[in-house]
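Visitor: Residues per chain, in single letters:
Number of protein chains: 2
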Amino acid sequence: MSEHRKLYEEVTLSTTPIYDGKIISLQVDEVRLPNGATATREIVKHPGAVAVLALHEGKMIVVEQFRKPLEKSQVEIPAGKLDLGEELLAAARRELVEETGYSAGSMRLISSFYTSPGFANEMLHLYVAEQLTPGATNPDEDEFIECWSITLEEAKALIANGRISDAKTITAVYAWQVYQLTGAF
Amino acid sequence: MSEHRKLYEEVTLSTTPIYDGKIISLQVDEVRLPNGATATREIVKHPGAVAVLALHEGKMIVVEQFRKPLEKSQVEIPAGKLDLGEELLAAARRELVEETGYSAGSMRLISSFYTSPGFANEMLHLYVAEQLTPGATNPDEDEFIECWSITLEEAKALIANGRISDAKTITAVYAWQVYQLTGAF
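Listed in order, the protein sequences are those of chains A and B. Residue 185 in my numbering sits at position 185 of the first sequence, and the numbers go up by one each step. If you count the second sequence from 1, you need to add 185 to reach my numbering.
I should point out that these hints are in silico values taken from the structure, not numbers from a laboratory. You may find that some hints are simply not true.
Unchecked claim - Pairs of lysine-lysine residues, derived as DSBU-like cross-links and limited to a Cα-Cα distance of at most 35 Å, are as follows:
id: 1; chain 1: A; residue 1: K22; chain 2: A; residue 2: K72
id: 2; chain 1: B; residue 1: K230; chain 2: A; residue 2: K59
id: 3; chain 1: A; residue 1: K72; chain 2: B; residue 2: K230
id: 4; chain 1: B; residue 1: K244; chain 2: B; residue 2: K341
id: 5; chain 1: B; residue 1: K207; chain 2: A; residue 2: K59
id: 6; chain 1: B; residue 1: K257; chain 2: A; residue 2: K81
id: 7; chain 1: A; residue 1: K59; chain 2: A; residue 2: K156
id: 8; chain 1: A; residue 1: K81; chain 2: A; residue 2: K156
id: 9; chain 1: A; residue 1: K72; chain 2: B; residue 2: K266
Stated by the list, open to error - If the Cβ cut is set under 8 Å, some of the chain A residues that face chain B in the computed set are:
id: 10; residue: P117
id: 11; residue: F119
id: 12; residue: G135
id: 13; residue: T137
id: 14; residue: S165
Using N, Cα and C, we set each Cβ at its ideal position, and we do this for glycine too.
Model the full assembly from the supplied sequences, consistent with the hints where possible.
Guide: Take a look at the structure:
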């Protein structure tokens, strides 16, 4: 495949910065395609994020918060963007405590994935947290979050009725089901 | 939860359009938080997309293409953005034929999910296609794609080595495993 990957590469001809924000930045690249033609690529840059499938007494910890891009509140697993220079595992532990109060005796990486590879470089690192101990929450000052826990059946019902509707949480629910069925992710 | 959802709503105070592109647009909203403070929200608008878990002779159809935001080639399930006014099922059938040549006797929705609800409104609709018939591909003029098929074990190996690394494909692989284990998604 390596020759193929080189063959299909898109070569950057120019980069136009459009916006540099608090969380994301946007640039537009002009690229040369494998057939010699040119095309534009709209690219969102994001620092990356962590998310946590936190399992406690046979249930999964979820948080509900308002998501402005969707103009509605959604039920999700705890997650947040990486702070500058922050180590992944430390970020996962920090987000879990901040949003839910739980600290984890065991925290393992399940997988890392790009959320929208067509237009963004955001990579999300999905952890599973077990051996949880409850404690006080500490959300960011602009975060308003409610936290509770649900069974796999309740998670499937929330997916079916649309209250859970984001990629990382749906991935986590499938991963949890596979873990229940096979003992591995 | 309905009172909670209203309580936590972020009210738009102003919207500043930043960019209106070929695939995405970007705006920055100033919002009033539940505690009366204000905050900014960077919001990418996207028309939505479809993706297809296409199953043929016990294998999953994958495509490999260069992803400019990642500066590398990745293995993914067939997918693409919705055309203006296009019906979801029609879009799923179109993308599958364009990128792989296969037409499907059966095409069912598995789930619909937001890819990055923190900063984007992109919703991806994941279908499962079965009873496949091969045919000629017809990619977009700026798409350079290679297509083949892999077993579940091969998919897990490609996830482990990072050649599969996007949310929709990892979700599809977990969904496929659950389908194999339980007969349902």
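Visitor: Now tell me, hint by hint, if it's right for this structure.
Guide: Against the structure, the hints come out as follows:
no.	hint	in the structure
1	A:K22 - A:K72	holds (22 Å)
2	B:K230 - A:K59	holds (34 Å)
3	A:K72 - B:K230	holds (15 Å)
4	B:K244 - B:K341	holds (12 Å)
5	B:K207 - A:K59	violated (43 Å)
6	B:K257 - A:K81	holds (23 Å)
7	A:K59 - A:K156	holds (12 Å)
8	A:K81 - A:K156	holds (26 Å)
9	A:K72 - B:K266	holds (23 Å)
10	P117	holds (5 Å)
11	F119	holds (5 Å)
12	G135	violated (22 Å)
13	T137	violated (14 Å)
14	S165	holds (5 Å)
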